[in-house]
Every structure is written in C-alpha cells, then in structure tokens.
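Peer 1: Next come the chains, spelled out residue by residue.
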Amino acid sequence: MKAKRMSAGAGAGASTRSAGSPAKPEPPGGAVWALVFERGDEAIAGLTAFAREHGLTGSQLTAIGAFSDVTLGYFERTSREYRRIRLEEQVEVLSLVGDIALENGQPKVHAHVVIGRADATVRGGHLLEGHVWPTLEVIIRETPAELRKTHRPDIGLALINLDEA
Amino acid sequence: MKAKRMSAGAGAGASTRSAGSPAKPEPPGGAVWALVFERGDEAIAGLTAFAREHGLTGSQLTAIGAFSDVTLGYFERTSREYRRIRLEEQVEVLSLVGDIALENGQPKVHAHVVIGRADATVRGGHLLEGHVWPTLEVIIRETPAELRKTHRPDIGLALINLDEA
Amino acid sequence: MKAKRMSAGAGAGASTRSAGSPAKPEPPGGAVWALVFERGDEAIAGLTAFAREHGLTGSQLTAIGAFSDVTLGYFERTSREYRRIRLEEQVEVLSLVGDIALENGQPKVHAHVVIGRADATVRGGHLLEGHVWPTLEVIIRETPAELRKTHRPDIGLALINLDEA
Chain L
2 MKAKRMSAGA
12 GAGASTRSAG
22 SPAKPEPPGG
32 AVWALVFERG
42 DEAIAGLTAF
52 AREHGLTGSQ
62 LTAIGAFSDV
72 TLGYFERTSR
82 EYRRIRLEEQ
92 VEVLSLVGDI
102 ALENGQPKVH
112 AHVVIGRADA
122 TVRGGHLLEG
132 HVWPTLEVII
142 RETPAELRKT
152 HRPDIGLALI
162 NLDEA
Chain R
2 MKAKRMSAGA
12 GAGASTRSAG
22 SPAKPEPPGG
32 AVWALVFERG
42 DEAIAGLTAF
52 AREHGLTGSQ
62 LTAIGAFSDV
72 TLGYFERTSR
82 EYRRIRLEEQ
92 VEVLSLVGDI
102 ALENGQPKVH
112 AHVVIGRADA
122 TVRGGHLLEG
132 HVWPTLEVII
142 RETPAELRKT
152 HRPDIGLALI
162 NLDEA
Chain X
2 MKAKRMSAGA
12 GAGASTRSAG
22 SPAKPEPPGG
32 AVWALVFERG
42 DEAIAGLTAF
52 AREHGLTGSQ
62 LTAIGAFSDV
72 TLGYFERTSR
82 EYRRIRLEEQ
92 VEVLSLVGDI
102 ALENGQPKVH
112 AHVVIGRADA
122 TVRGGHLLEG
132 HVWPTLEVII
142 RETPAELRKT
152 HRPDIGLALI
162 NLDEA
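Top to bottom, those sequences are chains L, R and X. Here the first sequence is numbered in the numbering used here, starting from 2 and rising by one per residue. Here the second sequence is numbered in the numbering used here, starting from 2 and rising by one per residue. Here the third sequence is numbered in the numbering used here, starting from 2 and rising by one per residue.
Worth flagging that the hints you see were computed from the coordinates, not collected in a lab. Given the structure is predicted, the values throughout are model-derived calculations rather than measurements. Be aware that a few hints might be false.
The list treats identical chains as one, so a pair stands whether inside a single copy or across any two.
Think about it this way: if two alpha-carbon atoms lie no more than 25 Å apart in a straight line, the pair counts; the simulated BS3-like pairs of lysine-lysine are [stated by the list, open to error]: (1) 3 - 150; (2) 109 - 5; (3) 150 - 5; (4) 3 - 109; (5) 150 - 109.
Bound conformation, chain L alone:
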C-alpha cells in the first residue's frame, strides 16, 4: 500500500500545487490522503497501520476497488458477536465507507462495505477482512479533532462517545 498527501488540510498551504512537500510547518489534522492498495494487501490491517503511523484521531474514509476474497460481519444482538460471512470470490468493492476514532488511545478503523459479484448481485456488511486485487483506492479525510470510543458492556461493542471526545 502506498499513500500520498493530496492536501495539507484546511489550514495554510492547503491549496498550493506543492502540497506534497509544504514549505512551511503546518498544524496537524486536516490533511486529505490518497491510499492505493496493491495485490494481496489486506485492507483493514493496512488502514489500521496507516492510521497508527500518522496518528489519526478523527477521520473519515471512502474507497472503491476490488477484493479477491472478503469476510463480512453482521453484529448479532443476542450473542453480541459478529457473525462472519466469507466470500471466496473476486468481487468489486462498490463502496467502503468508514471512520477512524481512538479506542484506548489507539486509532481504530470502523468500515462497512458493499461488494458486487460477477452477476451484479450484491452482498455487504461490517468489513472484517478483505484482500485486494488488483487495487483499492482510498481517500482519507483527517479532521483536527478527536473521536473517542468507549466500551459499552450493555451492547458488547466500543462506540464513539462524543462526551469523551
């Protein structure tokens, strides 16, 4: 996976052609990134590694591309666990929408995916795992603010808690 900063953010220097290498220091947090995954990359692992490396605290992502296999999740209210649905087939990634928030101080990726099969039928769920083939084109928009997750024992998940942010 490779990344390119498309914009330095909403602050100084953001609208110059040299945004990739700004001449002056900038405050953190408002950048727009393009990430391009390559064959065999796993999407959630790659996004999480990128978010941790760059200290993302409150970001949004969208992507399109294709997977050679994917594991979808559906959160079951009774068991409080994700049911895993695995597709071992080449699929188009029709939309990958998600956010990056802090959970226990570390960036955590939360993404839902819609995939298209060879006959144009569609499946989707919480993205647990997906291997890229041939590409996945992701846009990440940072914000300068923080989103923090709190574990909710009544639900069985960590959810964004704006009172904590």
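Using the hints provided, position chains R and X relative to the given structure of chain L.
Peer 2: Frame of chain L, contents of chains R and X only:
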C-alpha cells in the same frame, strides 16, 4: 443524538486542535460535523432537526451504523409517489449518502441507504425512516454556498435547481 | 447537467458566502462542486466532460439520484475485460462513489455504483453507463494534487500509480 464540530471549516482556525472552541469568530458554512445517534433515535428526523438548528444550506453527509428497523422508498414514475418497503429486522447501515438543501427556505435532508441483513444480503432505497440500534455515525460537511430545491410538477418531486441557488 | 462551485477550496476565500464569485484570484485545486444532472443525461460522459473542462487532476466524487437504465461492469480476471450487465428499468442510485485521476494526461472518471430496484433489491458494479431520471446530485471534491494512472499489462487495466504522481 449528539454532535461535535470536527473542523471550523475551510477558513481561519480550521486546522488547530482547538477547533471545537475557536478563539476567534469565523465565517459560517465550512464546518465538518460528527453526529452520533443513539438507540431509538430516528435518523431522518434527527438529521433534519440538526440541519434546521444549525442553518445548513448546502451540505453533504455520509454515515455507517445499524438500524433496528427501516423504511425504504422507491419513487414510482407512474404514480409519482414513493413505494414504501419496510424491514422490521436488525440491519447494518452499509452506506448512507445524502445531501442537505433548502426547500421553501428550510433545510431538507435527501439520503439514500444500503442496508445489510443477517445473511449479508442487501436491500436499499431512499431513506424514509430508520431507527438506530446501537449507533449511527454521521459526518456532515457544510459548504458556504446554498443549494435550493424547486418543486417540479412535471415529475412530482422537489429537485435541486442550480439556477435558483 | 449544471454545476455550481460550492467552495473555493481550502485556501483563501473558501469560507465566505461569496465563494461562487471570489474577489481575489485563488490557486487551483481545492474546490468543492455540486453537479446536478437532468433527465436523459449520461453520467459518465457528463462527469468526464466536466473533469476535462475544469482540468481536474485528483478528485473524489459521491452521488445519489436515479437512473432510467444502467450498464454495470464486473472485471473478469481471466478475460481481462468488463462483463457488461444491463438493467433497463428505473432504479434508485443508492451510492455512486469514485475518483478522477489522470490517464495519459487526461482526467479519467472511475466510479462504482449501487442501485436499488422497485422491490428494494440491489445490484451494483463498475459504472459503465447510466441515464439520469429525474436527477443525479453529485459532489466533487478537488484536491490540489495529482493522481496518475499507469497501464498495467499484467492486469489489463490502468491503475493509479502513486510513484508516478
């Protein structure tokens, strides 16, 4: 539903860590908001109330999360009405994409949704109503401009009319 | 299809109400555009013409609306060609997500679409062609940077290559 301003917008102060409480006045219109809905909240009512409270005139939104029930719409060309398809089941919100424009001077939310069922099959349509469980994470990006809708009697809908904006 | 610049971008003047007609020159590349397609417009042709007219070099787009017919693509690994799936029916555009990058120096639109049928079942794929009825509401976010595509003979497609950008 709770809201947090993630960025003061494209103008001054947008890329500081203190964006939530800017030290200086800012022009309206470019903010990025995170909205987190809670159990039982209805999404369209909550988005509409937020848009009216904050005077949104031309914004975009994306979201992921889950609903405990949802009513989808399909606009029928002959009857010029929305056919209503109701799902009384727990579903993942795989994508919620929409915009906020002015209709008769008031902010109006227009959103389409793709939902995932327990077996990862998918349904979707115009979002008429959806009750959140356990969360819905929405990002709204304001612009400083206006989008205005005009009722189109030839179609039976109010559509964004850039000549009016 | 009509277009309106919603924001002059991340640089000077972006957060004023007069963004549609800024008083001072601005650097290229950070604008937000609203495009509204009308009945009969073909989406890919319209987006491509807009991107070329405005010299878009690295942009993201999302849209909702409806089509009166659509041709979806699924990229077959063995034949290295898109299988074409055509739907001759009125469908909701539930999500249209994509990007605009340079291929051989010209802006090229890459978009994936999820569509909803009258019974709320869903289909999707790479968007090859879609005719709008009654509207398609597109938001394009420019960046000041470039994304460049390189033809990959090993795959049979041109892919974004960040080493070239």
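Peer 1: Each hint needs a verdict: does it hold in this structure or not?
Peer 2: Hints versus structure:
1. 3 - 150: Cα proximity of residue 3 and residue 150: across copies only (14 Å, versus 28 Å in one copy).
2. 109 - 5: both (20 Å within a copy, 19 Å between copies)
3. 150 - 5: between (27 Å within a copy, 14 Å between copies)
4. 3 - 109: both (19 Å within a copy, 20 Å between copies)
5. 150 - 109: within (9 Å within a copy, 30 Å between copies)
No hint from the list above goes unmet by this structure.
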